[in-house]
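Trainee: Sequence:
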Amino acid sequence: MNNSMINSSVSMNGLQQKLDILANNIANSNTVGFKKKEASFEDVLTNINNQPEGFRRQGRLSPLGFNQGWGSRLVQVQTNMAQGPIQPTGNVTDLAIQGDGLFEVAVSAIDPATGNQVFQPAWTRNGAFSLSPDNQGTMTMAMADGHFLVDTTGNPIRIPIGFRPSIDQSGNVLAYNEIDHTAPPINVGQIKLVRVVRPQLLREVGDNIFSLPAGIANTQDILQNLNGNAGNVADRVEVMQGYLEQSNVNMSDEMTELVMVQKAFQLNSRAITSSDTMMNMANNLRG
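Take 1 as the starting number for the sequence shown in this note's numbering and just add one per residue.
Treat the hints with caution; some may be incorrect.
The calculated label-pair distances, taken between Cβ atoms and stated as ranges, are [claimed, not checked]:
id	residue 1	residue 2	range
1	Ser40	Pro112	49 to 57 Å
2	Ala27	Ile6	27 to 35 Å
3	Pro85	Asp43	35 to 43 Å
4	Gly99	Gln220	39 to 47 Å
5	Pro184	Gln98	22 to 30 Å
6	Asp276	Ala27	30 to 38 Å
7	Ser252	Gln87	14 to 22 Å
8	Ala183	Asp20	52 to 60 Å
9	Ala282	Pro112	57 to 65 Å
Source of the hints: derived by calculation from the structure; they are not laboratory data. The structure presented is a predicted model; accordingly, all values stated were derived computationally and were not measured. Even glycine gets a Cβ: it sits at the ideal position worked out from N, Cα and C.
Generate the whole structure from the sequences, applying the supplied hints.
Mentor: Next up, the structure:
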């Protein structure tokens with residue numbers, strides 16, 4: 001009876017974590033660029049107990065022995081990087097990626113050694129950018145939290161004030177003068193795009209932004225630069241201006257899985273109640 005209570009208790013703990021993951025997915029079903037999380041489980045200390053050989057009889061159909069474990073536990077939470085639906089917005093600073101790619105942005109951080117502000121690379125599918133004025137007389141394309149979009153050299157995409165950005169499918173940015181329409185456009189740069197070869201190594205740092213954990217020596221084994229891949233038609237990644245990628249959460253799938261996990265949680269809860277009842281009966285026995 002103790003075994004059944006421990007088994008159910010361990011399983012309920014893992015199921016509660018799964019419920020939290022599903023709740024987070026459902027809550028972000030309308031979040032731009034959100035990638036849903038998926039949980040993986042494994043059995044805890046499962047072994048096979050063999051029955052005595054005396055039970056082995058000719059014609060026996062049921063197998064000898066039985067599996068005994070201690071529940072299941074959550075071992076990994078992975079981010080599903082599948083593309084979500086792309087919807088038009090008409091906003092010139094809204095960008096979406098058609099294909100398996102990520103925007104590179106610069107995230108502000110404080111160097112613990114010097115105390116100075118530094119910028120670290122991070123990656124996102126959230127293309128809801130806006131033009132933010134800076135102290136150089138230009139405007140940078142930045143996310144709502146201030147992380148700015150970078151070009152292939154790692155510098156911010158800067159648009160002169162009074163100019164309108166135009167971005168082609170390869171991520172090349174041209175700035176057009178909104179006053180003098182006869183003026184030639186200014187070549188601002190090319191948006192840096194990368195592909196994550198090993199997405200399981202990504203670390204989420206909030207707002208659908210991902211980074212690599214510290215200590216990664218060779219980032220080329222994890223990240224692939226896509227800016228020189230325009231000639232490969234079969235593996236091409238395109239930037240779409242005036243569009244946004246929505247969440248890849250499928251509400252029907254999430255709700256179905258939510259009901260299944262809730263039922264499993266209730267079943268384990270009843271198993272604990274039944275085990276407790278049996279233990280009370282054993283304690284109340286009189287010789």
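Trainee: Give a verdict on every hint.
Mentor: Hints and how they fare:
no.	hint	result
1	Ser40 x Pro112: 49 to 57 Å	violated, 34 Å
2	Ala27 x Ile6: 27 to 35 Å	holds, 32 Å
3	Pro85 x Asp43: 35 to 43 Å	holds, 37 Å
4	Gly99 x Gln220: 39 to 47 Å	violated, 20 Å
5	Pro184 x Gln98: 22 to 30 Å	holds, 29 Å
6	Asp276 x Ala27: 30 to 38 Å	holds, 34 Å
7	Ser252 x Gln87: 14 to 22 Å	holds, 19 Å
8	Ala183 x Asp20: 52 to 60 Å	holds, 54 Å
9	Ala282 x Pro112: 57 to 65 Å	holds, 58 Å
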